[in-house]
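Each chain, letter by letter, is given below.
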Amino acid sequence: MLELARYDGRRRFKGSVYLSIGIALLAALVVWIFPSFRDAMDMDELLAAYPEPVLQVMGIRTMATLEGFLAVELYVFGWIILLGLYLAYSTAGVIADDVDRGRMDVLLSLPISRARVVGEKFAAMAVPIILVNVLTPIVVYVGAPLIDESISGADLLAVHLFSIPYLFACAAIGLLASVVFDRASIAQRVALGVTFALFLVESLLEGTDYEALGAIAPMRYFDPNEILIESTYDIGDAAVLVGMVLVLLLASQFWFRRRDIS
Amino acid sequence: MLTVSVSTTCQAGRVIRTYICSLCELFTMAAIELAGLTKDYGEVLANDDVTFSVERGEIFGYLGPNGAGKTTTIRALLGLISPTDGTARVLGHDITDESDLLEGKRDIGYLPDAPSFDEAATGRDVLELHARIKGDERSEELLELFDPPLDREVREYSHGNVRKLGLVLTFMHDPELVILDEPTSGLDPLIQQRFAEFLRAESKRGVTVFFSSHVLGEVRRLCDRVGIIREGQLVTVEPVESLLDRSGKVVRLRTAEPVPFERFDPSSLAGVHDLETSLDREDGAADDSKAAFTECTFTFTGDVNALVERLDGIGLLDLSVEEAPLEDIFMRFYGTEDETGAERPADSVGRDEVGDEQAHGTARSSGGGDDA
Chain X
11 MLELARYDGR RRFKGSVYLS IGIALLAALV VWIFPSFRDA MDMDELLAAY PEPVLQVMGI
71 RTMATLEGFL AVELYVFGWI ILLGLYLAYS TAGVIADDVD RGRMDVLLSL PISRARVVGE
131 KFAAMAVPII LVNVLTPIVV YVGAPLIDES ISGADLLAVH LFSIPYLFAC AAIGLLASVV
191 FDRASIAQRV ALGVTFALFL VESLLEGTDY EALGAIAPMR YFDPNEILIE STYDIGDAAV
251 LVGMVLVLLL ASQFWFRRRD IS
Chain G
205 MLTVSVSTTC QAGRVIRTYI CSLCELFTMA AIELAGLTKD YGEVLANDDV TFSVERGEIF
265 GYLGPNGAGK TTTIRALLGL ISPTDGTARV LGHDITDESD LLEGKRDIGY LPDAPSFDEA
325 ATGRDVLELH ARIKGDERSE ELLELFDPPL DREVREYSHG NVRKLGLVLT FMHDPELVIL
385 DEPTSGLDPL IQQRFAEFLR AESKRGVTVF FSSHVLGEVR RLCDRVGIIR EGQLVTVEPV
445 ESLLDRSGKV VRLRTAEPVP FERFDPSSLA GVHDLETSLD REDGAADDSK AAFTECTFTF
505 TGDVNALVER LDGIGLLDLS VEEAPLEDIF MRFYGTEDET GAERPADSVG RDEVGDEQAH
565 GTARSSGGGD DA
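Those protein sequences? They're chains X and G, same order as listed. The opening residue of the first sequence carries number 11 in the numbering used here; numbering runs sequentially from there. The opening residue of the second sequence carries number 205 in the numbering used here; numbering runs sequentially from there.
These aren't lab readings, by the way, just hints derived from the structure by calculation. Among the clues, some could well be false.
As the list claims (entries may be wrong) - Short derived list, chain G residues pointing at chain X, Cβ under 10 Å:
(1) 285
(2) 286
(3) 302
(4) 309
(5) 312
(6) 323
(7) 334
(8) 336
(9) 338
(10) 383
(11) 484
This structure is a prediction, so every number in the text was calculated from the model and none was measured. Think of the CB as a built atom: it goes at the ideal place given N, C-alpha and C, for glycine as much as any other residue.
Turn these sequences into a full structure, and let the hints steer you where they fit.
Here it is, written out as structure tokens:
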């Protein structure tokens with residue numbers, strides 16, 4: 011069991027370490043620039059100058075505290091948007107690219123079911139998802155005292171833990187695209203488009219009559235502001251994300267079992 | 205006590221009987237059985253009601269021009285595509301039932317027509333992954349025979365090396381049945397030779413080989429029986445000898461002095477087809493190449509000794525005897541003129557013969573190990 015997941019996971023390890031380092035550098039940059047923002051201007055005044063939709067899209071509550079600043083600049087921008095899109099894009103290649111390049115023929119000639127191929131390849135995405143959450147909290151936690159700020163270790167840990175089901179949900183969107191489309195480039199474009207559209211639907215429709223539409227977006231169930239500023243952790247939201255992952259995974263397996271590999 | 209022991213003995217006897225019966229079934233069952241396999245892509249009928257079977261231990265060549273539907277059949281046999289109608293069994297497992305087919309895949313080796321592996325992985329990485337999933341009985345021995353550069357990344361492999369790695373992976377778990385899609389394309393002649401010897405040895409060990417090809421020469425070197433497919437339809441299944449008898453050679457010759465036309469006229473030498481001649485003479489203004497020639501080309505399906513006799517005494521400048529191209533054979537025996545519906549009946553006759561030919565081929569293949 012899990013031979014394929016281990017193999018794929020190992021193949022993803024190096025790239026994931028680089029990704030983790032890159033994101034940690036972004037975190038260090040955000041922590042480092044916070045004092046100059048804090049001292050140079052009244053952040054709340056600055057926020058008041060932004061049009062409302064921008065605040066809404068970025069989910070900005072306050073930028074006057076390190077927690078608020080990190081929530082927007084690092085977690086909404088870095089995790090929800092950047093990593094969410096990256097994982098959807100990257101996972102969209104896992105099946106489609108093998109089919110596209112003819113590698114799936116060899117793989118499926120092995121005594122391994124199609125559902126297992128999909129499941130194990132998806133499981134291997136745990137490598138980037140977890141690695142990217144290892145270095146950054148350390149950088150932030152160590153960096154805060156260096157700029158004479160402090161941050162709750164528990165909140166920091168929570169924001170990273172709760173981001174894991176969110177990132178898996180984005181990856182699962184990519185997975186579904188990956189089994190539906192034969193060509194990796196199309197699957198990846200669709201996954202990017204759908205994930206970004208869901209982000210916009212969730213953030214732009216908030217407070218309108220169509221707010222309910224945002225319920226299908228994983229972004230609704232992961233709110234770094236809530237965790238970092240209010241220290242509220244919503245287990246229910248995480249459970250919804252896990253449910254989404256399972257539904258998308260099962261749908262992908264179902265689809266992949268029924269289709270022709272051509 | 206006595207009753208108990210008698211009933212136990214009876215029960216044991218029944219169990220043993222059932223076991224023996226299922227063993228018998230296992231050995232008599234064909235390695236591959238296709239029953240009306242059809243794959244309709246809408247615009248193309250890639251496989252049209254294909255029915256034949258491959259017996260255990262035989263080398264079966266699946267022959268047809270490019271685009272005839274060979275790969276479609278193979279992909280259906282491996283469960284990569286599902287038939288729109290009909291079904292097939294490999295090693296007794298239903299190809300339309302994924303979990304049943306998975307059982308079979310432990311004993312099947314498959315080499316696709318264009319094998320492809322993870323570019324960033326080394327050959328060894330790929331080999332180890334396969335070993336973990338399906339087991340490794342004999343990769344060392346295979347690596348001595350086909351030596352792909354295992355420690356290099358696959359992206360640096362030549363086509364030949366990718367294929368060599370594919371061959372090792374196909375046979376490493378010691379499968380009962382191997383399905384090879386155009387296995388020798390891209391291999392250099394030396395490795396092709398080695399591969400042919402290897403395949404014959406495998407067949408002697410009882411391995412069933414099913415391979416597709418569009419090269420007649422390859423098929424004639426290796427196969428016990430041949431199935432021919434064209435435009436998705438199975439044209440015939442026959443022992444390779446009967447195909448060879450009918451396939452013929454292309455003979456080209458050039459002479460110093462004009463040769464009388466009668467020498468190779470079909471009416472005087474049996475087995476000459478498509479005779480084309482030309483006369484090259486300096487004073488040839490009034491010449492007729494129907495009377496004599498200095499150059500000629502024909503397809504010969506007769507006795508080679510008779511041909512050699514006719515050649516005796518001719519001052520030859522050049523002579524070549526080659527395998528007839530597959531396309532010509534199709535043209536001659538099965539008709540390839542699509543637009544003429546009149547050519548079609550030949551197909552149906554061919555297909556009606558399949559049953560008899562199979563029976564014949566089966567009988568042959570049971571004792572056919574020696575001539576392999």
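To test your reading of the hints: which numbers does this structure violate? Per hint list: single violation, 11.
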